[in-house]
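Asks: Sequence:
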Amino acid sequence: MTVKIDKLTKDMVSIVGKEHAISDLASRIVFAQDPQNFDLEEHNIPYVVVRPSKTEEVSQILKYANEKKINVHTHGSGSSFAGLARPKINCILLDTRRMNKMEVFPERGFFEVGPGAHLAEVEKELAKYNAMLPINLGSQLIASIGGAVSVNTSGHMVDAAIGKPGDFVLGLEVVLPTGEILQTGSESPRRPAGVELTRLFIGSEGLLDIKTKIRMRLVPLAAFQNIVVYYDHVDGILDTVMEMYKRCIPAPVFYEFLDEKSAKIGFQAVGLPEPAGPVSMIRIANVSKAGSEELSKEFLEFLKFGKPTEIKLVTDNEEWTKLWTARAEFANYLFRGGLTWWSEISTRADKLKEAFHEVEALAKGLQSYENPEFYSYGHIGAPTIHARVFWPKKDIPIEDRKAIGLEWRTKTEEINIKYFGCGGEVGLTASRVNSFIRKKYGEQYYEILVKLKNLFDPEGILNKGNLEGWA
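Read in order, the letters of the sequence shown are residues 259 to 729 in our numbering.
One or more of the hints may lead you astray.
What the hints assert, rightly or not - No more than 20 Å apart at the CA atoms, straight line, and that leaves these computed lysine to any residue pairs for SDA-like:
id, residue 1, residue 2
1, Lys547, Asn575
2, Lys312, Lys471
3, Lys522, Leu476
4, Lys326, Arg594
5, Lys698, Gly727
It is worth saying that the hints were derived from the structure and are not from the lab.
Start from the sequences, fold in the hints, and give me the full structure.
Replies: Spelled out as structure tokens, the structure:
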């Protein structure tokens, strides 16, 4: 089917207005990209970018797309590292940024927010009500809450301490791929028992719906204690995390780490003295200050298990901000220096150390392109390893880039499967369907997902490629 872009744009203007239906090539190219190191291809470029401001406009766009058999791809902030944000086919790209209205109802115990609101915006507003957002991504300043709930990712936060965003969602307003509008869930602090569609749409990654309003429970702002720990070898961190789970010690809300090379880059970036080895950063949380202080004392004692070179309770906010920024900004500084590919390893707790050293060896023996450097960091208390291969240059040919991406993703997913893990941040995504989902769970599992997708999206127009698998 040939799509006439001028006619399509005119039709979109009639729904969202002239300023919010964008068809110039430069803008369409920008919205076709994501952080992946692949060149843009013509079939990824959307026909038009539309920015609806309300649910009814989203509904009209999807009804139009079904009638005309034109694909639609949803766009939150485009910050996904795993291919979810990039269109896989020419399409209408639906940008949710204008749908960012937020209302807090303290007397009801919840807030409601549009999918396009940035996490940092939501967090700042909640602080006025002595509440916190149970999501903390490295891209907090730009990541959208609709994307976070649609992937059900908690980011830096440790699941065993805080849970997933979906644990706090009371209800949703969604538009189905066919254009129908649904309300789910409850306004009661107690969520519905039994079969309930809210749980199905949470974490569905745009396969089944477009979220237009999210209702989340207000979570009381916790009291925090911050800890930094220095080691001479990463094994000390790995041993400590495994022992934490073995002893059933309450997990910190944040438990991050930087390996030796990553720590040097991160600390240098923020002006801190270069550490001699790997570093972990830990945040203890409790509803009361006295409770957090008591928990931190117990955890400080426990941390001696890993034989660190130094353990420090960080009481100066400026110092903690620098330490946390070193962790948060490390990857950004690495990006600037060359080309890098990322993968997430989330293992069974008792297999963390084995998995770490296996992915380290995998990086050193990579076959698709020689002499990579290996960097590791991430939410180690989850337990999650962010594993990166890196080359200090930008001129790697596109075909080699694709080969690296395929080998790194496939082989690291095999490590996830071997060590009984998943990948607790990036979800399904198109890049993981064939390398992880089908291998770990089998064809019957995958076919159930296909049937579910077909039930909600009979024309297959919404986010095409994310379930079919995309290399």
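Asks: Now look at each hint and say whether the structure bears it out.
Replies: Going through the hints against the structure:
1. With a CA separation close to 16 Å, the supplied pair Lys547 and Asn575 stays within the 20 Å bound.
2. A distance of roughly 10 Å separates the Cα atoms of Lys312 and Lys471; the hinted pair therefore holds under the 20 Å criterion.
3. Simply put, Lys522 and Leu476 have alpha-carbon atoms about 38 Å apart, too far for the 20 Å limit, and the pair is violated.
4. Between Lys326 and Arg594, the direct Cα distance comes to roughly 42 Å. Violation of the 20 Å bound is thereby established for this hinted pair.
5. For the suggested pair Lys698 and Gly727, the alpha carbons sit about 15 Å apart, so the restraint of at most 20 Å is met.
Violated hints, listed in ascending order, are 3, 4; each of the other numbered hints is respected by the structure.
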